[in-house]
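Using the sequences and the hints, build the whole thing.
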Amino acid sequence: MMELKVLGQAQQAENPKGGCSAGSCGSTDDQLSHLPEAIREKVHNHPCYSEEAHHYFARMHVAVAPACNIQCHYCNRKYDCANESRPGVVSELLTPDQAVKKTMAVAANIPQMTVLGIAGPGDPLANPERTFATFRMLSEQAPDIKLCVSTNGLALPAAVDELARHNIDHVTITINCVDPEIGAKIYPWVFWNNRRVKGKKGARILIEQQQKGLEMLVARGILVKVNSVMIPGVNDEHLKEVSRIVKQKGAFLHNVMPLIAEAEHGTFYGVMGQRGPKPSELQALQDACAGDMNMMRHCRQCRADAVGLLGEDRGAEFTLDKIEQMDIDYGAAMQKRARVHAAIAEELAAKQVAKPAEHPVQPKGISDKSYRPVLMAVATQGGGVINQHFGHAKEFLVYEVGMGGVRFIGHRKTDLYCEGGDTCGDGESVLARNIRALEGCEVVLCSKIGFEPWGQLEEAGIQPNGEHAMEPIEDAVMAVYKEMIEDGRLDEGAAGQAKATA
Amino acid sequence: MALKIIESCVNCWACEPVCPSTAIYEAKPHFLIDPKRCSECEGDHANPQCASICPIEGAIVNSLGEPMNPPGSLTGIPPEKMAEAMAEMQAR
Ligand code: SF4
Ligand code: SF4
Numbered sequence: 001m002m003e004l005k006v007l008g009q010a011q012q013a014e015n016p017k018g019g020c021s022a023g024s025c026g027s028t029d030d031q032l033s034h035l036p037e038a039i040r041e042k043v044h045n046h047p048c049y050s051e052e053a054h055h056y057f058a059r060m061h062v063a064v065a066p067a068c069n070i071q072c073h074y075c076n077r078k079y080d081c082a083n084e085s086r087p088g089v090v091s092e093l094l095t096p097d098q099a100v101k102k103t104m105a106v107a108a109n110i111p112q113m114t115v116l117g118i119a120g121p122g123d124p125l126a127n128p129e130r131t132f133a134t135f136r137m138l139s140e141q142a143p144d145i146k147l148c149v150s151t152n153g154l155a156l157p158a159a160v161d162e163l164a165r166h167n168i169d170h171v172t173i174t175i176n177c178v179d180p181e182i183g184a185k186i187y188p189w190v191f192w193n194n195r196r197v198k199g200k201k202g203a204r205i206l207i208e209q210q211q212k213g214l215e216m217l218v219a220r221g222i223l224v225k226v227n228s229v230m231i232p233g234v235n236d237e238h239l240k241e242v243s244r245i246v247k248q249k250g251a252f253l254h255n256v257m258p259l260i261a262e263a264e265h266g267t268f269y270g271v272m273g274q275r276g277p278k279p280s281e282l283q284a285l286q287d288a289c290a291g292d293m294n295m296m297r298h299c300r301q302c303r304a305d306a307v308g309l310l311g312e313d314r315g316a317e318f319t320l321d322k323i324e325q326m327d328i329d330y331g332a333a334m335q336k337r338a339r340v341h342a343a344i345a346e347e348l349a350a351k352q353v354a355k356p357a358e359h360p361v362q363p364k365g366i367s368d369k370s371y372r373p374v375l376m377a378v379a380t381q382g383g384g385v386i387n388q389h390f391g392h393a394k395e396f397l398v399y400e401v402g403m404g405g406v407r408f409i410g411h412r413k414t415d416l417y418c419e420g421g422d423t424c425g426d427g428e429s430v431l432a433r434n435i436r437a438l439e440g441c442e443v444v445l446c447s448k449i450g451f452e453p454w455g456q457l458e459e460a461g462i463q464p465n466g467e468h469a470m471e472p473i474e475d476a477v478m479a480v481y482k483e484m485i486e487d488g489r490l491d492e493g494a495a496g497q498a499k500a501t502a
Numbered sequence: 001m002a003l004k005i006i007e008s009c010v011n012c013w014a015c016e017p018v019c020p021s022t023a024i025y026e027a028k029p030h031f032l033i034d035p036k037r038c039s040e041c042e043g044d045h046a047n048p049q050c051a052s053i054c055p056i057e058g059a060i061v062n063s064l065g066e067p068m069n070p071p072g073s074l075t076g077i078p079p080e081k082m083a084e085a086m087a088e089m090q091a092r
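Chains as they are written, first to last, in the working numbering: chain A, 1 to 502; chain B, 1 to 92.
Don't read these hints as lab results, they were simulated from the structure.
According to the in silico footprint, chain A covers these stretches of chain B (three or more CB under 8 angstroms from chain A):
1. 36 to 47
2. 52 to 61
3. 70 to 81
With the Cβ distance kept under 10 angstroms, some of the chain B side facing chain A (calculated, not the full set):
4. S8
5. C12
6. W13
7. A14
8. P17
9. E84
10. A85
11. M89
Cβ coordinates follow ideal geometry from the N, Cα and C atoms, glycine included.
If you want it as structure tokens, here you go:
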């Protein structure tokens, strides 16, 4: 058997010189390996695209774009809602001037900052003046910050020239379908040529504009990422085709996200009882799409005004009042950023080189037998090690560990619906929610865990494990896998077999 | 003749730029239409533009006070379904 290695991650992109290190070269599953050097270069320190980089670099979004030109069934405009729909959280709407001020303040205080995005709360391109005014000022005042924008695509073809002029690094289009029949079940209307166009007709217009916009961006060499919301029974099967088509047209990443629908959000899907996908269903679809598309599995469906590293939000430190009181030397801040970015790039490159040697090899003495893979969840605060208390984890990284190695599967959020416990009805306890989020996982690794959750996890068929604190994730999960084999827990018919997840 | 924005407006800005008569302005607690400027889009468009882009049912009313976009017309959620969901949440 071959040496085990971590598959499906963006490692290769982390090597800035594009040199070939044995660990990642030639791995066809490597997410970004097929991409031209120029694109990998653009992506390698992007916190939203590179699984490795997102632990080190920070991004922020500013909410300057309130208006929208379409309605999605997973969105309720009474709340704040980006394309991706995280209903229930309200962003502080900023003018372009305020947005620039905030970005400059954040970039001065969080030198890991590399990316500024505009994603909402409406559609950035339905607010072209506000969006482009923000980009224009930032390109002048902080040329080292990358700019990105998310859109539903309706106004995209008309905006491509202007986007190209502002030197936008990349564009995210939310594409949920390529078939108007299906589109009519997702989009009740679009505002187009001075009319509200409903049903299939409206969906057809949206789809045409999205596809046209995608083609135009690719033709101009602007990176395009496609986001899709997986809606069981509506577009789940269809997304495989979407994935194929958008890749063919040149999108460089496809990101399938779960529908979030709860009655209290007041969305069509929420009220009508449309369910979101189970983690196992989402994973199955991501796997199916990965066959002919590069999947991005670490997206966290950020809020329209998120600030900080992925999975964290430091927005509260940068309200307008607080920014007003900050005394900032912008020139010095930019120099500091350059130093910090260089140091991170170095660290990533060093890790990259060190990796193959660290990797666990095939479990000893069992080469004649083959065992099923196991899903394991990990609580981490970043840095690639197991360093978070179970009770503090707002999300878990999920890995599939098997005979072929360790494969990063994605994130399971535990706080998808609620920011604070009291806004969300009585709901279920945090612990119950965590356990539900871990569906299908047989082990959860964390730095520490309390007595009560330990018992409840075991009851749910999930083995808690606190023995690998501060160890590198891949090594730790492989060690646990080996133990499971040695203890006979993966023998056929052994107790503790994965529960049916369907 | 003029349309009117009422309190259910969520201040989403969508209507402001599409008005051909620049009759819509930002105000507290919500956007307003200057009745002297509003032409109901007569002569400019087949449909009143603000009411054609506004995402909130009931937020814009005509001169009789009737909603331009009645309940269910934009979200597709039947009003009874909405009432049911609301009642259920209240009961919790
Ligand atoms: S009806 Fe037309 S003119 Fe009157 S406020 Fe609305 S968009 Fe403006
Ligand atoms: S479009 Fe409707 S909700 Fe939005 S600001 Fe105008 S009246 Fe208010």
